[in-house]
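Peer 1: Just so you know, the sequences run in chain order Z and Y. Numbering-wise (my numbering), the first sequence opens with residue 57 and increments by one. Numbering-wise (my numbering), the second sequence opens with residue 8 and increments by one.
Each hint should be verified, as a subset may be incorrect.
What the hints assert, rightly or not - Lysine-lysine pairs mimicking PhoX-like chemistry, simulated, CA-CA at most 25 angstroms apart: (1) Z:K99 - Z:K206; (2) Z:K249 - Z:K99; (3) Z:K149 - Y:K69; (4) Y:K113 - Y:K29; (5) Z:K249 - Z:K206; (6) Z:K80 - Z:K149; (7) Z:K78 - Z:K206; (8) Y:K69 - Z:K141; (9) Y:K69 - Z:K99; (10) Z:K206 - Z:K79; (11) Y:K29 - Z:K141; (12) Z:K78 - Z:K149.
Stated by the list, open to error - Partial list, computed: chain Z residues near chain Y (C-beta under 10 angstroms): (13) C89; (14) R97; (15) F102; (16) K114; (17) L136; (18) N162; (19) R169; (20) K206; (21) E227; (22) I228; (23) L232.
Hints were generated in silico from the structure; no laboratory data involved. All of these numbers come straight from a predicted model, not from anything done at the bench. Just so you know, even glycine gets a beta-carbon here, dropped at the ideal spot from N, CA and C.
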Amino acid sequence: MVKKEESEEAGVNAAAALVEDKKKQIRDEWSACLTSLAETRDKLEFSRLYEYFAPRVKAYIIRFGMSPAAAEELTQESMLSVWRKAHLYNRSKASASTWIFTLARNQCIDRLRREKAVEYELPEEEADPDQRHYGEHAVLEQRMEDAIAKLPEAQAQVLYLSYYEGKSHSEIAEQLGIPLGSVKSRLRLAFSKLKAHWGENSEN
Amino acid sequence: MKISHHFDDATLIAYSSGTLTKGMALLVESHLEMCEHCMEQVQTSNRIGGDLLRQIEPLPMKSGSLDQLLGMLDSVETESLSEIAAPVTSEVPRSLAHYIGDDLDKIEWKTMGLGVQQYDLKLGGIGAARLLRIQPGVSVPHHTHTANELTLILRGSYVDELGRFQVGDVADLDDQLEHQPIVDTQQECICFIATDAPLKFSGIVGKLVQPFIGL
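For reference, chain Y alone in the conformation it holds in the complex:
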């Protein structure tokens, strides 16, 4: 898999500092499984946190805290090694498979019309996290974003004003950009989209589609 579109550094900082919405953090983790480049970047953004931790003014723990913990150590199990990353074998990254299973064709897609289906992950909290399944040749209406939107391609590809996005690529967009993705091959495109605010569709088609998408 050759990945040519990565996250904005600012997004990785938000990931490291723990300030992304649940859906966006899940999307970042999914991409990290496939992308060594971003994994390296995250080591740096985590390091900012590590350095700050060493520099912070310590706050004493209650007396007896250490003893309390030492008393528990013998009874806890160590974490199993299964946490260590195994290579990704399915189209669905493991972090995401935890929520949707590992087969994109077994998802209960909801048809929205205009060649688009969606599946809402219903993660709760701020923003939205959903999968979109777009038929070949279909273009998603022109839209801008009130805040941030991350997209990870799981199957197929699309093109928009920024270029061509293929499996593993991420689009990291904010309110500065209005775009209109078009599926550019004979294969359908399935992508995972996470936002921290609703999308705004522009134009008449957008207004028609908006209620169905509810993004």
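Looking at chain Z on its own, in the form it has when it is part of the complex:
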């Protein structure tokens, strides 16, 4: 009986290792694709990257609080930056998805700052934005990368609110009804756990 449990556990571990390998393969494949794009300037290579990343970048930008039309436009601009900047990509520093994430994020920030500058002059009443994405976390949680999925919910939640909803620490504190210091300490804990996990399992 004990033996059976042990072999089941070994089976589960092996399966987890396989999933991890598979994810690493996907990561490496896109990083290789982006690296080769820089050399070849091959539009087919670019199309492959586009098919995979554009719909994800669009989903990310919408979560950041953009309208679908603006998200579509910003995604195009982000993907155009991928083409223009591919030769600056260095796979020893970041995976393709991390690099493309930072490009998309910068597009969002630039756009939001331009819009906010206008907003300050004309403050408007708006539906409570805190309620907008309510209930979507559960779906997302099932789709998280392993390391992030292993975090306690309170820590995963603050990461989501930062990365997926573009909320500042003060906004998160207000939304969750906790002190600013607690938001920061949750983020710090999450960060050190992820670093430890990724340290054993490097991105590149």
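Starting from the known structure of chain Z, arrange chain Y on it as the hints suggest.
Peer 2: Relative to chain Z, chain Y alone:
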């Protein structure tokens, strides 16, 4: 340059997730130019975003989007290599030099009295971003912060309750701390300060100084 004070990880997460104010993001970028340690940390905090991007439920693009973009590729220029970091040669990090020029002595400082001068970057939006120039021996009034305040030392040094801060160091403070920086050498101290809310000065001197500083 030996840097001994770095950002809080929570601040780097806010930087990576794009949620810092413009001034605070500019300050983070300025420090990253000088600090390999924080640069490595940012690679990790960016990676959280990259992982989330792979995991997100994709939303299809409008049909024809790819073709539209492919049609544009031949006419766009690739980004020039000047983006690749050159070593910092001036006292002013390149990201910051874009706003204030690369010579701290040519800035149009405004005197606030009590041995302190300031220059407001006027970035707009939430919070404040400014340079402070503090004469030797001067202490900035005791103050707390309603939210977050980042400081990057560009020239000289100061000491406060947390220790000694020299060129390249950052102080990453929030509402938990009340501090009183004092310039501790014969050299003036110039620092770049970015906040996401006004500062609160405590005590009578603070009340006097507050209107002048307007932070």
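Peer 1: Each hint should be assessed against the structure and marked as holding or not.
Peer 2: Results of checking the hints against the structure:
1. Z:K99 - Z:K206: The hint is violated at about 38 angstroms.
2. Z:K249 - Z:K99: 39 angstroms, violated
3. Z:K149 - Y:K69: 32 angstroms, violated
4. Y:K113 - Y:K29: 23 angstroms, holds
5. Z:K249 - Z:K206: Within the cut-off at roughly 9 angstroms; holds.
6. Z:K80 - Z:K149: 15 angstroms, holds
7. Z:K78 - Z:K206: Holds. Z:K78 to Z:K206 sits at ~18 angstroms (cutoff 25 angstroms).
8. Y:K69 - Z:K141: 24 angstroms, holds
9. Y:K69 - Z:K99: 19 angstroms, holds
10. Z:K206 - Z:K79: 16 angstroms, holds
11. Y:K29 - Z:K141: 23 angstroms, holds
12. Z:K78 - Z:K149: 21 angstroms, holds
13. C89: 14 angstroms, violated
14. R97: 8 angstroms, holds
15. F102: Holds: closest Cβ of chain Y sits about 7 angstroms from Z:F102, inside 10 angstroms.
16. K114: 5 angstroms, holds
17. L136: This interface hint holds because 6 angstroms falls under the 10 angstroms limit.
18. N162: Holds: closest Cβ of chain Y sits about 8 angstroms from Z:N162, inside 10 angstroms.
19. R169: Nearest chain Y Cβ about 6 angstroms off; hint holds.
20. K206: 12 angstroms, violated
21. E227: 8 angstroms, holds
22. I228: 9 angstroms, holds
23. L232: 15 angstroms, violated
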